[in-house]
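Engineer: Based on the hints, put chains B and C in the right spot on chain A.
Residue numbers (numbering that gives the first Met the number 0), protein chains in the order written: chain A, 0 to 252; chain B, 0 to 554; chain C, 0 to 116.
Hints listed in this document are in silico derivations from the structure and should not be mistaken for laboratory results.
Using N, Cα and C, we set each Cβ at its ideal position, and we do this for glycine too.
Hints may be right or wrong, so weigh each one.
What the hints assert, rightly or not - The following label-pair restraints were derived from C-beta to C-beta distances: (1) C:K80 to B:N319: 42 to 52 Å; (2) C:I30 to A:F205: 47 to 57 Å; (3) B:I314 to A:A84: 25 to 35 Å; (4) C:A47 to B:V130: 47 to 57 Å; (5) C:P28 to B:N25: 30 to 40 Å; (6) C:K80 to B:D534: 35 to 45 Å; (7) C:V109 to B:Y538: 47 to 57 Å; (8) B:F200 to C:V109: 41 to 51 Å.
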Amino acid sequence: MSDSTAIVNGAPADAHEHPHPPYQRHHFESMGQQVDATSFAMWLFLLTEVMFFGGLFTAYLIYRNWYYPAFVVGSHQLDIFWGTANTAVLITSSFTMAMGVWSAEMRRKGLLVFFLVMTFLLGLAFLGIKTIEYGEKIEKHHVPGFHYSVQSFVDSRSDKEVFEKYHDKSLPLDMARHTEVYFSLYFAMTGMHALHMIIGIAILAFMIVRARAGAYTTGHITFVENFGLYWHFVDIIWIFLFPLLYLISRHGY
Amino acid sequence: MSTTIVSLPDQSTARVPKTNFLTKENGLLSWLLTGDHKRIATLYLISITFFFFIGGALAGLIRLELLTPQSDLMATDTYNKVFTMHGVVMIFLFLVPSVPATLGNFLIPIMIGAKDLALPKINLLSWYLYVVGGILVLYTMITGGVDTGWTFTVPLSTHYLNTNVLSTGLAVFVAGFSSIFTGLNFIVTIHKMRAPGMTWFRLPLFVWAHYAASILMVLGTPVLAIAIVLVALERTTGIGVFDPAKGGDPILFQHLFWFYSHPAVYIMILPGMGVISEVVSTFARKRVFGYTAVAFSSVAIAVFGFFVWEHHMFIMGVSNYSTLVFSLLTMLVAVPSAIKIFNWTFTLYKGSITFETPMLYAFGFMGLFTIGGLTGVFLGTTGTDIHLTETYFIVAHFHFVMVGGMLMAFLAGIHFWWPKWTGRMYPEKISQLAALVTFIGFNFTFFPQFIVGTLGMPRRYAAYPAEFQILNVFSTAGATILGVGYLLPLLYLAWSLKYGEVAGNNPWQATGLEWQIQSPPLTENFVEIPVVDRDAYDYEWLERQKEKEVTTSVG
Amino acid sequence: MSAKQEQHLSKHDQLLHDFHDNLDHVVPPRIYIIVGSVLLIFTGITVAASYADMGVFNPVVALFIAVVKATIVVLFFMHVKYSSKLTKLTVAGGIFTFLVLVGMTLADYVTRAWGRW
Numbered sequence: 000m001s002d003s004t005a006i007v008n009g010a011p012a013d014a015h016e017h018p019h020p021p022y023q024r025h026h027f028e029s030m031g032q033q034v035d036a037t038s039f040a041m042w043l044f045l046l047t048e049v050m051f052f053g054g055l056f057t058a059y060l061i062y063r064n065w066y067y068p069a070f071v072v073g074s075h076q077l078d079i080f081w082g083t084a085n086t087a088v089l090i091t092s093s094f095t096m097a098m099g100v101w102s103a104e105m106r107r108k109g110l111l112v113f114f115l116v117m118t119f120l121l122g123l124a125f126l127g128i129k130t131i132e133y134g135e136k137i138e139k140h141h142v143p144g145f146h147y148s149v150q151s152f153v154d155s156r157s158d159k160e161v162f163e164k165y166h167d168k169s170l171p172l173d174m175a176r177h178t179e180v181y182f183s184l185y186f187a188m189t190g191m192h193a194l195h196m197i198i199g200i201a202i203l204a205f206m207i208v209r210a211r212a213g214a215y216t217t218g219h220i221t222f223v224e225n226f227g228l229y230w231h232f233v234d235i236i237w238i239f240l241f242p243l244l245y246l247i248s249r250h251g252y
Numbered sequence: 000m001s002t003t004i005v006s007l008p009d010q011s012t013a014r015v016p017k018t019n020f021l022t023k024e025n026g027l028l029s030w031l032l033t034g035d036h037k038r039i040a041t042l043y044l045i046s047i048t049f050f051f052f053i054g055g056a057l058a059g060l061i062r063l064e065l066l067t068p069q070s071d072l073m074a075t076d077t078y079n080k081v082f083t084m085h086g087v088v089m090i091f092l093f094l095v096p097s098v099p100a101t102l103g104n105f106l107i108p109i110m111i112g113a114k115d116l117a118l119p120k121i122n123l124l125s126w127y128l129y130v131v132g133g134i135l136v137l138y139t140m141i142t143g144g145v146d147t148g149w150t151f152t153v154p155l156s157t158h159y160l161n162t163n164v165l166s167t168g169l170a171v172f173v174a175g176f177s178s179i180f181t182g183l184n185f186i187v188t189i190h191k192m193r194a195p196g197m198t199w200f201r202l203p204l205f206v207w208a209h210y211a212a213s214i215l216m217v218l219g220t221p222v223l224a225i226a227i228v229l230v231a232l233e234r235t236t237g238i239g240v241f242d243p244a245k246g247g248d249p250i251l252f253q254h255l256f257w258f259y260s261h262p263a264v265y266i267m268i269l270p271g272m273g274v275i276s277e278v279v280s281t282f283a284r285k286r287v288f289g290y291t292a293v294a295f296s297s298v299a300i301a302v303f304g305f306f307v308w309e310h311h312m313f314i315m316g317v318s319n320y321s322t323l324v325f326s327l328l329t330m331l332v333a334v335p336s337a338i339k340i341f342n343w344t345f346t347l348y349k350g351s352i353t354f355e356t357p358m359l360y361a362f363g364f365m366g367l368f369t370i371g372g373l374t375g376v377f378l379g380t381t382g383t384d385i386h387l388t389e390t391y392f393i394v395a396h397f398h399f400v401m402v403g404g405m406l407m408a409f410l411a412g413i414h415f416w417w418p419k420w421t422g423r424m425y426p427e428k429i430s431q432l433a434a435l436v437t438f439i440g441f442n443f444t445f446f447p448q449f450i451v452g453t454l455g456m457p458r459r460y461a462a463y464p465a466e467f468q469i470l471n472v473f474s475t476a477g478a479t480i481l482g483v484g485y486l487l488p489l490l491y492l493a494w495s496l497k498y499g500e501v502a503g504n505n506p507w508q509a510t511g512l513e514w515q516i517q518s519p520p521l522t523e524n525f526v527e528i529p530v531v532d533r534d535a536y537d538y539e540w541l542e543r544q545k546e547k548e549v550t551t552s553v554g
Numbered sequence: 000m001s002a003k004q005e006q007h008l009s010k011h012d013q014l015l016h017d018f019h020d021n022l023d024h025v026v027p028p029r030i031y032i033i034v035g036s037v038l039l040i041f042t043g044i045t046v047a048a049s050y051a052d053m054g055v056f057n058p059v060v061a062l063f064i065a066v067v068k069a070t071i072v073v074l075f076f077m078h079v080k081y082s083s084k085l086t087k088l089t090v091a092g093g094i095f096t097f098l099v100l101v102g103m104t105l106a107d108y109v110t111r112a113w114g115r116w
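Excised from the complex, chain A in its bound form:
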């Protein structure tokens, strides 16, 4: 066989003993094998992501156990409206992504581009809402390590809007200090999640360009499908982050 193995060259156009579609790589014996292998590879990658976030969930569970009152008042600082909105945004984006994969399977280019663009916009909306939320935290000095203030926790009445909703009791100083651990985990977990969103959105932008050129509507949908798996996974992480961080207990004392 005369084909080059340097991957910088594309698959050459010369005649083969065994004809196969142009997007089948030469080390695979059939398209079925290639599709299976790449899909399995994506699932294994998602397993690594599960374990990566797993460390953060472990830390969360331990400290929530130790410092429950601090976690409760800390979570009251998160706006339930924005959190719920973000959850709805992400669920919808998962829906549009699944519809995108379906459109690719049906070889409907226009529809595919539409759904990819919707997913992209919803992803941006999620990040926009996150920016608003992070902004609120920065304003109130609830960012660990950056002039962190326990004022709202040692004197709960000093934070009027939150006090009106939940009537939290003021915490003793040492427990109030542990709210910094809560916010550390909040930023670490949502930050890591947001990073994965950003990467996903960037790939979506790339895919929209390629989809418009018809790359995914000729029967070779693996890229869209595997990206869909990634996107749904990021949604699942948020499905757990939302109740753990926002919904610890919204019934006041």
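Structural biologist: Same frame as chain A, now just chains B and C:
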């Protein structure tokens, strides 16, 4: 009865095949942008060897310092940096990728009858990530080193040190992803790319061992990644997740760190055990005793390996009840390893044993790994661990399994598959001598450390009580001999590239698909994808083949 | 290609055809709409539940709902319901390892308070 099984072609007429994966394309870019698993394995072999000798030089410095009880060769801070870098380089840049990234990469597609791994681009990415990790480690060393110990224990690494924790953490993070992608590639390949007829239970045990190690790489390494990220965040922003002053728990770091680092030792040893299965079978001319048991033991080691990590933390302040549970589980994880040793021994029984270099290393492995493994039992028992932990007993234990075990297996594999990789044989006499020198040097270096550890000498100290000096001197003397034992292969293997005898397809008269193709292999491995209809280690089939004398190389 | 190889390859192709995850089975949009709606409804339920005082059951209910949501995303959006046994086993393996990490680490923390023998 002959004393060697080596069967080489007539040297006056034999030539290394002109068309092979090494000569297929020329130019730097054809190597740096290659998708060929064999070329990537070669790139890895060169980089791993480079970092091995750096780690070895650091070891030399450690042993030099420990010649005298005082901390007189270097300041104690410097000593801390030296042993930390030795650990980081040897573990992350040598032991973890050693067999999988070189021999595994090279052999797995051929052994299962495929043209390449499932994801060649990811394979190349793995190598580049390794190189970046290596460069970051070099950067760390040049800019002052890091002295936390390779275990990065908090709060030392997050609050009390001014050294390059961040760059080392980043290096390990990047190298970790190299490992993850290699493991991921292997799992997909072994599941999806086997040739027709190559069922799971016809696979060579080398493949089973790598499959098990790959599961550990994929599931364990990400937890190390998040532990490093948290340390980095703690160091730069003071978020408080490990800081007791803010309510954090330093032990949490250790849970996350050892959740990876214990399976890591199995990532390191399982591929080596895979090599030993192949070597023992070939040089005893017998199929491995209890194939199924060895295959399942590999997977069992991987699974149980996830349940025992707290045995590295018995004295750290974890609950007594959890130490009970983890101690019991540690006893269980020793069983599959023992099963493998028994099965290799039974393979030898009534076999036709010859003592070529790979077999010498394999014998070394079997003995030294057994000793190292048995000493692990003392450490897994909480009561004795309290006295032995953080002493030289631990240092001796892990060097017996890792150097006496894993490194010997690596050398066994390199020698065994050298003719397949390069088309040339290594020089037998000097390599046997080197193996002997290594074995002697190893025992002189590390056996005294068991004694000195039991007597109470702590690890990671530049200065020690004077009564331990003589054993330390023995140990350093042994280390010098060991160094010679490792330098020799570097020299004679390089020599053999030009002057070694032409090997032919199957100098060892071994079974296995890799020995049915030319040496070095074609880029696409097989002219036709083979159809497999026999089990592994089928020596009867080999006898019948010899009678037919069919050559399958392309000139 | 030899006759034997041809025979084996067609059988091989047959086997591969059986492995096809999704090219043969297309999930209809109707399913996605139902799943998406269920997810949104459950989100509303879980928010409402956090306002109710159920004592120790608050986190139990919240986690339970989250697990249900994640499960239907995995089964339907990620097509695992229609996928091969290998895929299902892979997902199970990942969940299992995650539970080992969380569970056995927590075992240490929970039992610390039990004090010395």
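Engineer: Each of the hints needs a verdict: does it hold here or not?
Structural biologist: Now the hints, each set against the structure:
no.: 1; hint: C:K80 to B:N319: 42 to 52 Å; result: holds (45 Å)
no.: 2; hint: C:I30 to A:F205: 47 to 57 Å; result: violated (28 Å)
no.: 3; hint: B:I314 to A:A84: 25 to 35 Å; result: violated (49 Å)
no.: 4; hint: C:A47 to B:V130: 47 to 57 Å; result: holds (53 Å)
no.: 5; hint: C:P28 to B:N25: 30 to 40 Å; result: violated (53 Å)
no.: 6; hint: C:K80 to B:D534: 35 to 45 Å; result: holds (37 Å)
no.: 7; hint: C:V109 to B:Y538: 47 to 57 Å; result: holds (55 Å)
no.: 8; hint: B:F200 to C:V109: 41 to 51 Å; result: holds (42 Å)
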